[in-house]
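2 protein chains.
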Amino acid sequence: MASHDETYQLLCDQAKEAALIDSIQQLLEWDERTKMPSTGGAYRADQAAYLSGLTHQKQTDAKIGGWLDELAESSLAAKPDSQTAAVIRLLRRDYDKKVRLPQSLVEELTRTAVRGQQAWAEAREADDFAKFRPLLEKTVDLKRQEAAALGYETTPYDALLDQYEPGETAANVGRVLMGLRDALVPLVQAISDSSTRPDASVLAREYPVVAQETFGKQAAAEIGFDFDAGRLDVTHHPFCVTLGPRDVRLTTRYDPRSFNDGLFSILHEAGHGIYEQGLPDDQFGIPLAEFVSMAIHESQSRMWENQVGRSRSFWEYFFPLAQKAFPAALNGVELSTFYDAINEVQPSLIRVEADEVTYNLHILIRFELEKAMIEDDLQVADLPAAWNEKYEHYLGIVPPSDADGVLQDVHWSAGLFGYFPTYAMGNLYAAQFFAQAQKDLGDFDASFRQGKFGELREWLRTKIHQHGRRYSPAQLVERISGAPLSHEPLMEQLQEKFGKVYGL
Amino acid sequence: MASHDETYQLLCDQAKEAALIDSIQQLLEWDERTKMPSTGGAYRADQAAYLSGLTHQKQTDAKIGGWLDELAESSLAAKPDSQTAAVIRLLRRDYDKKVRLPQSLVEELTRTAVRGQQAWAEAREADDFAKFRPLLEKTVDLKRQEAAALGYETTPYDALLDQYEPGETAANVGRVLMGLRDALVPLVQAISDSSTRPDASVLAREYPVVAQETFGKQAAAEIGFDFDAGRLDVTHHPFCVTLGPRDVRLTTRYDPRSFNDGLFSILHEAGHGIYEQGLPDDQFGIPLAEFVSMAIHESQSRMWENQVGRSRSFWEYFFPLAQKAFPAALNGVELSTFYDAINEVQPSLIRVEADEVTYNLHILIRFELEKAMIEDDLQVADLPAAWNEKYEHYLGIVPPSDADGVLQDVHWSAGLFGYFPTYAMGNLYAAQFFAQAQKDLGDFDASFRQGKFGELREWLRTKIHQHGRRYSPAQLVERISGAPLSHEPLMEQLQEKFGKVYGL
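Chains as they are written, first to last, in this note's numbering: chain A, 8 to 511; chain B, 8 to 511.
These are calculated hints, taken from the structure and not from any lab test.
Be a bit skeptical, because a hint or two may be false.
[What the hints assert, rightly or not] Straight-line C-alpha distance at most 27 Å; calculated DSS-like pairs for lysine-lysine:
| # | chain 1 | residue 1 | chain 2 | residue 2 |
| --- | --- | --- | --- | --- |
| 1 | A | 145 | A | 397 |
| 2 | B | 504 | A | 23 |
| 3 | B | 70 | A | 65 |
| 4 | B | 65 | B | 104 |
| 5 | A | 105 | B | 65 |
| 6 | B | 65 | A | 70 |
| 7 | B | 23 | B | 65 |
| 8 | A | 105 | A | 145 |
| 9 | B | 104 | B | 138 |
| 10 | A | 507 | A | 470 |
| 11 | A | 446 | A | 507 |
| 12 | B | 105 | B | 138 |
| 13 | B | 470 | A | 65 |
| 14 | B | 104 | B | 86 |
| 15 | A | 70 | B | 70 |
| 16 | B | 504 | A | 65 |
| 17 | B | 145 | B | 23 |
| 18 | B | 86 | B | 70 |
| 19 | A | 86 | A | 104 |
| 20 | A | 397 | A | 138 |
| 21 | B | 504 | B | 459 |
| 22 | B | 224 | B | 65 |
| 23 | A | 65 | B | 105 |
| 24 | A | 86 | A | 23 |
[Said to hold, decoys possible] Listing some non-contacts, in silico: residues in chain B with all C-beta distances to chain A over 12 Å:
| # | residue |
| --- | --- |
| 25 | 19 |
| 26 | 32 |
| 27 | 35 |
| 28 | 46 |
| 29 | 192 |
| 30 | 200 |
| 31 | 201 |
| 32 | 236 |
| 33 | 238 |
| 34 | 246 |
| 35 | 349 |
| 36 | 354 |
| 37 | 446 |
| 38 | 486 |
Ideal placement from N, C-alpha and C gives every residue a C-beta, glycine not left out.
Turn these sequences into a full structure, and let the hints steer you where they fit.
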């Protein structure tokens, strides 16, 4: 018995050592994407590859398999609902997947991801897909190798998807997204037919970058992001990364002629950051302090960005502060004009700027394209044309340039295939969780209106954050809402909100 | 023969692997001192300790000893002047020192250095030495253990000094500093007796931080720091760090009511950075791309800061640009007023703000105090009083607070004992090298006046940078100037310059 406790401790220590090395690699990546000088990239790729190889070694050490075998028979694993059983089960899952990947492939994937992101940034800057193509071809090839090594039943895409969303399949994602699309179409049509049109020009006035940063930090802090354990920097493509139990970093980008770009990215990334800061510090490095899945992570960012950050009551509190921060742009503007403007629905080219209603169509496009690339049904050379075709088909618009089209997202350059669908699933989880929070606690409008966001945050902490990865996405949504994931809560919220905005 | 070549390759690869890990640790430290959120420190210490332990493992692997033994007999080591012989000799020296240090001590030193710097920053902020004292006591104790492990003949201080300045001793440093002091005293006295007094009030006008940063970057770039392979950030205590062959980072701090603080720190750190950028990229990780010693490093920073950056011809070019950058402060100011102001000699409290004439007295104080702590002749508890006594004795002033006294430097908190003397030696090397460069190339005034600094930079690159660590400090100064290090070049330059400023 004592021996099993010791083995369990050894297992956790090994996981923590791997997490520590990985956290250093996250710093390399954060720095690469926010600070690193332009010619530092080649050596940075070597540094990142070295650490990813080392992490992989620690995660695939044969003694882990021995410990797991030993513990499988122990009382620690006997009660499936216990914390220890969950840790053992999840580390077994991780180990079984990791040992299938040769270290050389892991290092090559990392090196290619670093170089790929550099090539992508240059190609995007130059609006020249050809500069990115060789790296993307190499990346797709490596991801196919990765899928083959991991194994799959139906499609290699499932093997990649499962890394971000345990248990999820391409078939199910396709069904869900198509179902959501069918429910959205009448709403988009009704909005399009409406004679009400928000005037969004107010959002394209002068918003000085320094004031955007100050206001964005204030908003992030007020919804609950702790800047003593985090920071905010500028990057090409906003992200959130955790460098340790008390070090969570947000990034955004600013456009001095756009209110939306900077602020809603900050609220979004702060939602991720609040989740990370809500995981138990003292368990850092084992599944009890890890996030559930990418979609659950995204549910947190989208809830703070959309259900909260694009609500009227949020702006009843923040709009006067925004007017002080941006007097030239917002003095004399009515709250209702502003509120309608940030909720304008308009098929657009850029995913991260898309409205709540059309956003998931952007995901559908990426899902279909990346699945086709991984299944070898689409060649990288044909990607820009395929991208433009899909945009015309689903959104009725064609990007005027690759920079605003196929080059807009960092994901593929970083080797993130199978990641995009989790954005759409995240939107569904966000709506379902938010609906449940309102059922549990009543309407939040009165507290939001006073700048009080703690009640919702504590609800999320108690229901989701504090459990780490103990429950699967499916278990979690069932525990919280008593029902499996459905697109209905999202559709109800969209219909309610946009029905008002567009006078439907 | 082929086998020796292979062994040599293995030896170099091992050194490069250790350097790669160390370069990642440098990123951890850079981030800790410039970006890390306030509560991230505890985990950061674990990360840094882990990597330092790993670097130490790579540097002390027994197979290195075997390779070195094998190569000692080979033709690669036969010609002492060859590059390969230098690499083998220097790696032997490094290995023999490293293997004397137990890994547990190395990790503990690193962890304590990270925590010590955090405690120091807090103590300095709060002007409360007591907050720093326990960490400093622990650091002194660990450094004494380190000296004991390394071994020494006369004093444990020599073992620490030798890590920064190979072959240097406390006895010799004491002699040099005392000799320099004796030569300085009549000059300080003459300046003090002079009726000419520069009006330095112009330097305490409003210098907006944003303009300081822009102007400082321009100056650093014009003297030759490459911002495509480096950057500049803000910190408490300015430093320069290399994170890879194309990634050299400068830091500074700004005071909106001081011209000197920001700019001369930038020129100083850019001098370090130009040296690092001048080392051969393709040899990164082996002694051919490493700096000679801390004093030689400091000679590069001090030359750009003082011999160049505080010269009249430098400002004949830059002063009009400074007037554009800081119109409110500098419009209508005469160049000669400004030049005299930046060369004011005034015994002061803060080392990094000290003038060229009194600077070395600050070093003398630190040298005596740290030597006494390491030799157990001074207890940490008594350090603030001892500090104040020495300042009264050598400079005639007593710090009004510990923040401006014993807490002003980061070095001891980071475990850097034996480091301070290299600042003074660096001043002497700088003067001797600059005198030789003028002998070789003629006076630089005409080119500086036109903003041309390439001639001096190339001279430094050819004479010093490109050789890496191939020559010892003593060999280098002999090769370059045909004479051993002397305080005379510095004294001649000071007498010439300050004789004019003070009308002596």
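Against the structure, the hints:
Note on residue 145 (chain A) and residue 397 (chain A): the hinted pairing holds, with a Cα-Cα distance of about 24 Å set against a maximum of 27 Å. Between residue 504 (chain B) and residue 23 (chain A) the alpha-carbon distance is near 60 Å, which puts this suggested pair outside the 27 Å criterion. Of the supplied pair hints, the one linking residue 70 (chain B) and residue 65 (chain A) holds, its CA atoms being roughly 23 Å apart against a limit of 27 Å. At most 27 Å may separate the alpha-carbon atoms for a hinted pair to count; residue 65 (chain B) and residue 104 (chain B) meet this at roughly 14 Å.
Simply put, residue 105 (chain A) and residue 65 (chain B) have alpha-carbon atoms about 26 Å apart, close enough for the 27 Å limit, and the pair holds. Distance restraint check for residue 65 (chain B) and residue 70 (chain A): the Cα-Cα separation of roughly 23 Å lies within the 27 Å cut-off, and the hinted pair is therefore satisfied. For the given pair, residue 23 (chain B) sits about 10 Å from residue 65 (chain B) by alpha-carbon distance, which is consistent with the 27 Å threshold. The suggested pairing of residue 105 (chain A) with residue 145 (chain A) holds, with an alpha-carbon distance near 21 Å, which does not exceed 27 Å.
Simply put, residue 104 (chain B) and residue 138 (chain B) have alpha-carbon atoms about 33 Å apart, too far for the 27 Å limit, and the pair is violated. At most 27 Å may separate the alpha-carbon atoms for a hinted pair to count; residue 507 (chain A) and residue 470 (chain A) exceed this at roughly 31 Å. Among the hinted pairs, residue 446 (chain A) with residue 507 (chain A) is consistent with the structure: their alpha-carbon atoms are about 22 Å apart, no more than 27 Å. For the suggested pair residue 105 (chain B) and residue 138 (chain B), the alpha carbons sit about 32 Å apart, so the restraint of at most 27 Å is broken.
Using a Cα cut-off of 27 Å, the hinted pair residue 470 (chain B) and residue 65 (chain A) is violated, with the two alpha carbons roughly 46 Å apart. Note on residue 104 (chain B) and residue 86 (chain B): the hinted pairing holds, with a Cα-Cα distance of about 24 Å set against a maximum of 27 Å. Taking the CA atoms of residue 70 (chain A) and residue 70 (chain B), the gap is about 26 Å. The hint holds against a cut of 27 Å. Using a Cα cut-off of 27 Å, the hinted pair residue 504 (chain B) and residue 65 (chain A) is violated, with the two alpha carbons roughly 61 Å apart.
Under the criterion of a C-alpha separation no larger than 27 Å, the hint pairing residue 145 (chain B) with residue 23 (chain B) is inconsistent with the structure, at around 32 Å. Under the criterion of a C-alpha separation no larger than 27 Å, the hint pairing residue 86 (chain B) with residue 70 (chain B) is consistent with the structure, at around 24 Å. Proposed proximity of residue 86 (chain A) and residue 104 (chain A) is supported: the alpha carbons are some 24 Å apart, at most 27 Å. Between residue 397 (chain A) and residue 138 (chain A) the alpha-carbon distance is near 22 Å, which keeps this suggested pair within the 27 Å criterion.
Taking the CA atoms of residue 504 (chain B) and residue 459 (chain B), the gap is about 21 Å. The hint holds against a cut of 27 Å. Distance hint between residue 224 (chain B) and residue 65 (chain B) is unfulfilled; the C-alpha atoms sit about 37 Å from each other, more than 27 Å. In summary, the hint linking residue 65 (chain A) to residue 105 (chain B) is supported, as the alpha carbons are separated by about 26 Å, within the 27 Å threshold. Using a Cα cut-off of 27 Å, the hinted pair residue 86 (chain A) and residue 23 (chain A) holds, with the two alpha carbons roughly 24 Å apart.
Look at residue 19 (chain B): its CB is around 15 Å from the nearest CB on chain A, clear of 12 Å, so calling it non-interface holds up. With a minimum CB-CB distance of about 9 Å to chain A, residue 32 (chain B) fails to clear the 12 Å threshold, and the non-interface call is violated. Listed as a non-interface residue, residue 35 (chain B) fails to keep its Cβ farther than 12 Å from every Cβ of chain A; the least gap is roughly 7 Å. A beta-carbon of chain A comes within 12 Å of the beta-carbon of residue 46 (chain B); the shortest separation is about 4 Å.
Annotated as non-interface, residue 192 (chain B) keeps its C-beta farther than 12 Å from every C-beta of chain A; the closest such distance is 45 Å. Look at residue 200 (chain B): its CB is around 49 Å from the nearest CB on chain A, clear of 12 Å, so calling it non-interface holds up. Listed as outside the interface, residue 201 (chain B) is consistent with that label: its C-beta sits roughly 46 Å from the nearest C-beta of chain A, beyond the 12 Å cut-off. For residue 236 (chain B), the shortest C-beta to C-beta distance to chain A comes to about 5 Å, within the 12 Å cut-off, and the non-interface label is violated.
Taking the minimum C-beta to C-beta distance to chain A, about 5 Å, the non-interface status of residue 238 (chain B) is violated against the 12 Å cut. Interface exclusion of residue 246 (chain B) from chain A stands, the closest Cβ pair being 16 Å apart, more than 12 Å. Once the 12 Å rule is applied to beta carbons, residue 349 (chain B) is consistent with being away from chain A; the minimum gap is 30 Å. Interface exclusion of residue 354 (chain B) from chain A stands, the closest Cβ pair being 39 Å apart, more than 12 Å.
No Cβ of chain A approaches the Cβ of residue 446 (chain B) within 12 Å, the least distance being about 35 Å, so the stated non-interface status holds. With 12 Å as the threshold on Cβ separation, the claim that residue 486 (chain B) sits away from chain A holds: the shortest Cβ distance comes to roughly 31 Å.
Of the hints listed earlier, those the structure fails to meet are numbers 2, 9, 10, 12, 13, 16, 17, 22, 26, 27, 28, 32 and 33, in rising order.
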